[in-house]
Amino acid sequence: MTVTTARPKTSAPARSGHSGPNARGAKRRTSHLVPGGLVWILPGFIISVGLIYYSIVYSGYLSFFDWGGGRSKMIPAGFDNYVQAFTDPTFYTALRNTVIYFVAVFAVQVVGGVLFAAVMHSKIFFANVYKVIVVIPVVVAPATLAPAHIQAWQTDGTVNQILEAIGLGSLAQGWIGQSTTSLVVVTLVGCWGSVGFGFILFYAGMAQIDPEMLEAARIDGAGNLRLLFSVVLPNLKPITISLAILNFITALKLFDNVWLITQGGPAHSSEFLGTMIYAETAGTGRNLGYAATLSVILLVIAVSVSVIIQLRSRERKALIEETPDV
Amino acid sequence: MKKSKYVLAAVGLASAVSLVLSGCSGGGDSSADASSEPAATSGEVTWWGYTPDTPVAERYIAEFNKEFPDIKVTYKNFENVDYRTTLTPALDSGKGPDVFVLSPAGGTPDLWGPYAIDLAPLAQEKLGADWESKFGEGYAKQLNDSTGRLVSAPMGGMAAGFLWIDQNILDAAGASVPTDYNSWVDTCAKITAIGKTCFTMGAGGADTFPTEMFHSIANSVDPNFFIEAATGKAKWSDPAGIETLNIVKKMRADGIISSDALDGTQYPLANEAFMRGDAAMVQMGFWYTQYSGAESCKTSMEAAGVANPTCFVQLPAAFPDVAGKGNGSAYFGEADYGLAISADSPNIGASKTFVSWMTMSTTGQQNVANALDLLPALQGVKPDFASISLVDDSVQKPAIEELISESGSTTQSRQYQTTEKTLDAIVIAIQQVLDPTVNKSVDDIAAELQSSSEASTVGAN
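So the protein sequences, as listed, match chains A and B.
Using the working numbering, you'd call the opening residue of the first sequence number 23 and step up by one each time.
Using the working numbering, you'd call the opening residue of the second sequence number 13 and step up by one each time.
A couple of the hints might just be wrong.
[What the hints assert, rightly or not] Per label pair, the in silico range of CB-to-CB distance:
| no. | chain 1 | residue 1 | chain 2 | residue 2 | range |
| --- | --- | --- | --- | --- | --- |
| 1 | A | P98 | B | N320 | 56 to 62 Å |
| 2 | A | I122 | B | F397 | 53 to 59 Å |
| 3 | B | T86 | A | I122 | 46 to 52 Å |
[Claimed, not checked] Distance condition first, Cα-Cα at most 25 Å in a straight line; then the derived DMTMM-like pairs of lysine to aspartate or glutamate:
| no. | chain 1 | residue 1 | chain 2 | residue 2 |
| --- | --- | --- | --- | --- |
| 4 | B | K433 | A | D178 |
| 5 | B | K247 | A | D278 |
| 6 | B | K88 | B | E284 |
| 7 | B | K433 | A | E234 |
| 8 | B | K452 | A | D110 |
| 9 | B | K433 | A | E186 |
| 10 | A | K275 | B | D94 |
| 11 | B | K433 | A | D232 |
Read the hints as simulated data drawn from the structure, not as lab findings.
From a predicted model like this one, the values you see are computed outputs, not experimental measurements.
Glycine included, C-beta positions come from ideal geometry on N, C-alpha and C.
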């Protein structure tokens with residue numbers, strides 16, 4: 023608590039310098055430089071930031087129309103697109119799939135990432151080789167790997183062949199082409215690709231932990247597991263929270279793997295908001311108004327969840343900072 | 013000095029905003045003036061399309077250049093989805109293609125028609141006052157936008173509702189071409205006994221190919237049902253619709269439809285299985301005729317992953333009368349696509365020469381006919397088999413001639429009278445029927461199909 027109140031004080035002299043002997047010169051320099059700099063960055067600022075916010079506002083505008091794009095007629099639709107979205111069962115399937123995907127991938131990423139990172143920090147042979155193997159799925163483009171995933175999971179694919187070879191042929195099925203398993207395939211592919219990213223962050227996070235802290239724990243008699251759960255994991259909490267936010271945003275925007283493997287099917291069973299938006303944008307019966315509506319809803323969800331996580335983390339931080347005084 | 017910087021900033025700001033806004037606004041409609049521009053015998057034309065395949069387009073262009081050597085035509089082929097997402101912004105920017113493919117499906121004439129000039133005056137000039145009757149039945153009307161402008165000149169038509177069979181596999185299995193449900197089951201039993209897939213189908217994903225099988229089965233149940241339901245005169249949940257879905261389900265249970273049908277889409281899944289010689293039958297439209305050629309079959313097999321291919325004899329066959337009511341299964345067809353000329357094109361004169369030669373001249377249409385990709389749009393033009401080399405002329409030529417004859421006399425549209433919403437709903441219904449893990453009755457699935465569909469007003473009266 024005292025630390026947080028002290029920090030603004032350390033920065034105070036810089037501000038109070040304006041009232042010192044050089045205050046006039048500093049003020050003149052500031053007023054001379056700031057507008058000039060602003061002038062020169064303005065075009066780039068407008069194009070980069072302005073374009074993004076323009077697009078968001080324009081999407082909001084489009085969401086109130088039925089529009090096929092280009093020069094086709096824009097028919098005012100009021101809130102019809104929003105009503106359509108909130109009464110569309112596929113929309114809720116997409117939201118459900120987003121939550122399932124997020125929870126599964128995040129869990130696997132954290133557990134897998136921490137395990138691999140912990141193993142790599144211990145003294146094992148060929149650690150660098152293992153690191154490369156774990157990280158490769160992160161750097162390979164989904165479009166490159168999608169045919170391999172399809173080959174693995176299709177009816178006469180590798181997974182079913184393995185199941186039959188080990189006497190579990192009764193479990194063989196059309197993994198991609200069934201409503202009950204298509205989401206499983208998409209989620210497993212997501213898990214496979216995400217562990218490496220978790221590993222990179224957790225490995226770096228573990229390297230930042232003060233060795234003296236670990237040594238002290240060892241002197242106090244902590245074993246490997248105790249060390250992991252009582253010292254290492256608490257220190258990795260900020261990384262875990264960051265991964266949670268990133269995974270949620272990824273799940274909300276998920277498109278490439280799903281479209282390449284299942285196209286959201288069969289019968290919308292593996293649909294996500296990203297695939298719904300794409301289908302409305304690029305399909306033959308395209309309705310950019312409805313696609314914009316879904317985009318606006320996606321944006322609202324993403325911003326809302328980010329704000330909630332931010333607020334929760336501030337509350338938690340404040341609680342932690344208050345605890346020593348109590 | 014200070015003032016000039018603010019002026020500079022304001023100019024920069026205005027430029028940036030205008031750049032942003034100009035990228036998102038339409039370029040205005042100049043089609044009225046452009047329609048009257050005369051045809052030219054020199055110039056450069058860029059042509060964009062998702063069809064035909066590049067080698068076919070290059071053959072067309074080579075023949076065109078024999079008559080018009082001073083017009084350079086450059087063709088760019090896109091995947092279907094890429095085409096839709098690329099063309100609109102290109103046309104909006106005013107720097108799109110001079111000529112582009114525009115089909116009658118899914119309201120496309122109203123979507124891209126505003127970018128195109130009205131080709132009716134050109135058609136009248138080339139074909140006379142009764143120009144509409146010179147094209148295949150309904151082709152010109154299907155390529156009109158809702159204001160009645162001919163926004164795309166028909167290049168050719170297509171028909172669907174039949175099977176393509178690999179005669180080599182049937183011969184190896186000692187099987188015959190099925191004509192009804194029971195004979196189809198027998199044929200499939202013989203084909204699977206030699207380790208081949210009987211009927212390959214890609215019903216997964218989001219594309220609308222499965223609707224063709226639904227349409228064929230529905231025609232066997234009741235020849236009027238599909239179009240009536242598509243235009244709101246009948247319900248998809250009527251007994252004929254339920255019977256159609258029940259037959260789909262039975263075909264899956266009896267091994268006619270392969271177990272991997274939901275693993276992917278018709279392209280590439282079913283196309284490659286057939287072209288690799290792994291499957292004996294596939295349902296494809298008239299465009300598949302082109303792969304009967306002695307050379308084009310090799311290209312298509314290589315594209316499916318076959319090294320040093322030996323072509324097989326592929327033949328069209330009527331869709332079996334699966335309902336067993338003696339209705340057979342009528343073919344359905346419509347204009348496949350046409351060529352539109354961009355109103356913003358700086359090469360309208362040369363584009364008019366190219367489009368009119370391709371779509372309105374006997375020579376141009378003869379090339380279309382000989383490519384065996386489309387039914388020529390211009391009536392009376394037929395493939396010149398003397399200049400076409402097939403894998404087995406003696407068997408394929410009469411079969412293709414019969415197919416052309418029957419395809420040219422279809423009485424039902426393929427997708428022109430069916431809304432995109434309905435097509436999507438049919439695909440979902442088929443996927444649910446084929447998915448063994450879906451616990452819904454066929455009646456419920458048909459009811460959902462009805463509630464998710466949207467009746468078309470096209471030709472409803």
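Now for the hints, and whether the structure bears them out:
1. A:P98 with B:N320: 56 to 62 Å: holds, 60 Å
2. A:I122 with B:F397: 53 to 59 Å: holds, 58 Å
3. B:T86 with A:I122: 46 to 52 Å: Since T86 (chain B) and I122 (chain A) have Cβ atoms about 48 Å apart, the given range 46 to 52 Å holds.
4. B:K433 with A:D178: violated, 32 Å
5. B:K247 with A:D278: violated, 37 Å
6. B:K88 with B:E284: holds, 24 Å
7. B:K433 with A:E234: Outside the cut-off at roughly 65 Å; violated.
8. B:K452 with A:D110: With a Cα-Cα distance of about 19 Å, the restraint between K452 (chain B) and D110 (chain A) holds, given a limit of 25 Å.
9. B:K433 with A:E186: Roughly 41 Å between the alpha carbons, so the hint for K433 (chain B) and E186 (chain A) is violated.
10. A:K275 with B:D94: Holds - the C-alpha atoms of D94 (chain B) and K275 (chain A) are around 20 Å apart, at most 25 Å.
11. B:K433 with A:D232: violated, 61 Å
Checked against the numbered hints listed earlier, the structure breaks hints 4, 5, 7, 9 and 11; every other hint is satisfied.
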